[in-house]
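Number of protein chains: 2
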Amino acid sequence: MLTDRQMLILQVIVDSYIQSAEPVGSRSISKNEDINYSAATIRNDMADLEELGYLEKPHTSSGRIPSEKGYRHYVDHLLLPHHLSEEELQNMKALFTKNIVEVEQIIKESATILSDLTSYASIVLGPEIFESKLKQVQIIPLSEQVAVAILVTNTGHVENHTVTMPSTLNSSDVEKIVNILNERLVGVPLYQLEEAIQKEVAGVLRQHIKSYKDALIFAEETLQKTKQEKVFYGGKSNLLIQPEFHDINKVKELLEVFEEDETIFDLLKPEQDGLSIRIGQENGNEAFEDCTVISATYSYKGKPVGTIGIVGPTRMEYPRVIGIVDHLSKGISQALTNLYR
Amino acid sequence: MLTDRQMLILQVIVDSYIQSAEPVGSRSISKNEDINYSAATIRNDMADLEELGYLEKPHTSSGRIPSEKGYRHYVDHLLLPHHLSEEELQNMKALFTKNIVEVEQIIKESATILSDLTSYASIVLGPEIFESKLKQVQIIPLSEQVAVAILVTNTGHVENHTVTMPSTLNSSDVEKIVNILNERLVGVPLYQLEEAIQKEVAGVLRQHIKSYKDALIFAEETLQKTKQEKVFYGGKSNLLIQPEFHDINKVKELLEVFEEDETIFDLLKPEQDGLSIRIGQENGNEAFEDCTVISATYSYKGKPVGTIGIVGPTRMEYPRVIGIVDHLSKGISQALTNLYR
DNA sequence: GTTAGCACTCTGCAATTTCGAGTGCTAAAT
DNA sequence: ATTTAGCACTCGAAATTGCAGAGTGCTAAC
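For the protein sequence lines, the chains are A and B, in the order given. Take 124 as the starting number for the first sequence in our numbering and just add one per residue. Take 124 as the starting number for the second sequence in our numbering and just add one per residue.
Hints are supplied without guarantee of correctness; some may be wrong.
Which copy is meant is left open, because identical chains are indistinguishable; a pair holds if it fits in one copy or across any two.
Computed list of lysine-lysine pairs in DSSO-like fashion (alpha-carbon distance at most 30 Å, straight line) [said to hold, decoys possible]: (1) Lys256 with Lys424; (2) Lys375 with Lys216; (3) Lys336 with Lys221; (4) Lys426 with Lys231; (5) Lys353 with Lys216.
Think of the hints as simulated: they come from the structure by calculation, not from any bench.
Using the sequences provided together with the hints, build the complete structure.
Written out as structure tokens, the structure is:
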């Protein structure tokens with residue numbers, strides 16, 4: 124489809140535009156040491172590239188900038204592997220050599236490291252609870268009617284929420300219920316809990332508790348998982364330094380989206396394991412039409428449990444960011460697996 | 124010090140500037156129906172007010188804007204009580220008539236309501252754990268060496284973190300330790316825990332556990348309170364619509380500070396109970412020199428346990444925001460007290 | 001003490017000009 | 001058949017100019 128020279132030119136344009144944020148003209152390309160063609164030749168190729176949709180002109184007589192299609196082609200075919208600098212590696216390593224005992228701590232700090240290293244905004248989705256299994260249930264009464272329900276998972280994750288205790292259940296009933304739940308449901312993945320209550324617990328409850336119906340409702344309330352996902356952010360303000368976000372309204376839209384966890388969750392939700400790059404429209408969200416999101420899943424025991432990601436302008440330092448995100452996601456995976464060997 | 128007329132003029136200027144964000148000229152003041160003096164008279168008073176430091180001129184020939192001192196005087200002496208609109212009251216009421224069982228839920232939603240209602244950014248500091256007392260300690264082993272420690276307080280707050288178990292302690296040791304902690308420390312305010320460990324627990328541990336030193340360390344680790352403060356935000360992007368924050372760099376500074384929880388904590392830390400208004404420099408933080416922070420503490424059993432606050436430009440709708448913050452903080456106090464009667 | 005009047009100042013805006021980078025095309029060169 | 005040089009043309013960014021309007025400070029009159 125594209126000639127070698129066109130590819131080369133596309134690559135130089137993307138590299139240059141990523142670096143300078145200025146439209147790239149034919150003359151400046153011809154000065155590039157890898158290129159030995161005259162400006163006029165390059166102009167012809169640029170015109171072709173534009174016709175094919177890889178480049179755009181901000182206005183009639185200016186240099187070209189890459190289109191989304193241009194970036195896409197660059198990412199898919201022209202990307203040179205990037206060697207992380209010693210400093211970058213060091214920074215990431217530091218995260219894992221700390222005395223880590225807390226999963227959430229690693230996750231949180233990953234967000235900070237990501238944004239510091241890349242100078243873009245970072246988003247990290249906490250380990251999905253889907254994969255984790257119930258380890259223990261606890262009910263701790265606070266008053267006559269209110270108690271705290273605590274769910275602990277095998278990954279050390281703790282969920283808690285308050286529950287109301289129906290007046291028809293006395294404290295020995297509650298104790299019984301909790302015992303039953305622990306007996307029957309430990310080891311069940313969190314996402315199957317609801318189902319398991321009906322199958323495994325309902326019958327037993329009926330045998331042992333008088334106010335059977337209230338007991339069942341109470342059990343369900345106890346095991347309700349509260350927050351499905353935790354989202355951590357880093358360096359949101361980095362976005363403001365990008366020249367493409369000098370328009371206050373753009374930024375505002377973007378920051379508003381950042382305040383809605385659900386949208387962000389959708390945005391980072393992995394389609395497949397490993398690295399994902401979504402450019403502009405591909406994000407399927409108007410506020411992100413000028414953004415690229417690079418994300419990668421991290422795993423626990425070989426199964427993806429969470430996502431780390433970077434949000435920046437489409438004009439993003441792809442090679443470097445991809446390197447960092449990839450490296451860090453693998454690091455987290457390994458750290459998690461080491462943690463609960 | 125100031126004549127009545129000067130006060131009146133200052134008030135009109137502040138009101139007008141708050142509303143329009145435009146410097147206020149003498150002519151437009153003289154048109155105000157409460158004022159029956161000519162523009163020239165007002166000009167004289169304005170010149171005086173400027174000399175006294177209550178007003179400033181952006182440039183030689185323009186209207187005046189209030190200085191920090193001007194706002195301060197306005198807030199201290201000229202503020203007219205503001206009647207909250209039906210809608211505002213309704214919104215806040217809705218928060219409390221919901222079926223609330225979770226303290227953190229109320230706190231979180233307060234942030235959203237505050238920012239929605241005021242169109243400024245809101246910050247809410249979660250109930251300080253200082254005031255709450257230990258209700259129960261739990262250790263749940265995850266593996267040979269790692270366990271989750273769970274602390275429940277009488278306010279339904281749950282803290283959890285992972286701890287490492289020294290290999291010198293076997294599982295029955297751990298059980299003993301936990302029992303001792305529960306026997307001796309329940310009811311102790313969290314902030315006194317460290318002290319109480321030494322006083323109440325150390326001796327008992329020495330009697331019952333062989334590896335006494337490890338046991339003590341383990342106990343300390345278990346009771347370590349992890350996060351002292353939770354901070355919730357709402358409507359940060361609202362700041363962007365204020366004309367004084369059209370300068371990207373200003374905004375960036377501000378948003379950066381918002382990412383440091385400690386600074387924010389200092390900013391909202393109450394000096395005294397009740398309502399606090401800090402204007403510009405009074406915030407003691409360069410990034411906030413053009414901001415006013417209005418905050419109020421909320422209480423549990425008569426003692427302040429947390430803070431809600433609003434960050435906006437110094438040109439803030441003081442009467443309305445003060446009304447809202449005041450009302451909401453009282454509402455939260457009451458809700459908390461009702462919750463654990 | 002208050003007001004009217006007037007000269008003066010300064011900003012913001014719009015119209016205009018200039019400058020330079022960049023293009024597209026044609027014709028010559030390889 | 002490519003590649004290159006040359007040239008006219010386009011367009012945006014930045015600088016320049018010229019108002020119009022809002023506001024002030026001062027003086028003199030009320």
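The hints, checked one at a time:
no.: 1; hint: Lys256 with Lys424; in the structure: within (13 Å within a copy, 39 Å between copies)
no.: 2; hint: Lys375 with Lys216; in the structure: between (35 Å within a copy, 29 Å between copies)
no.: 3; hint: Lys336 with Lys221; in the structure: between (49 Å within a copy, 24 Å between copies)
no.: 4; hint: Lys426 with Lys231; in the structure: within (20 Å within a copy, 32 Å between copies)
no.: 5; hint: Lys353 with Lys216; in the structure: both (24 Å within a copy, 28 Å between copies)
The earlier numbered hints are all upheld by this structure, with none contradicted.
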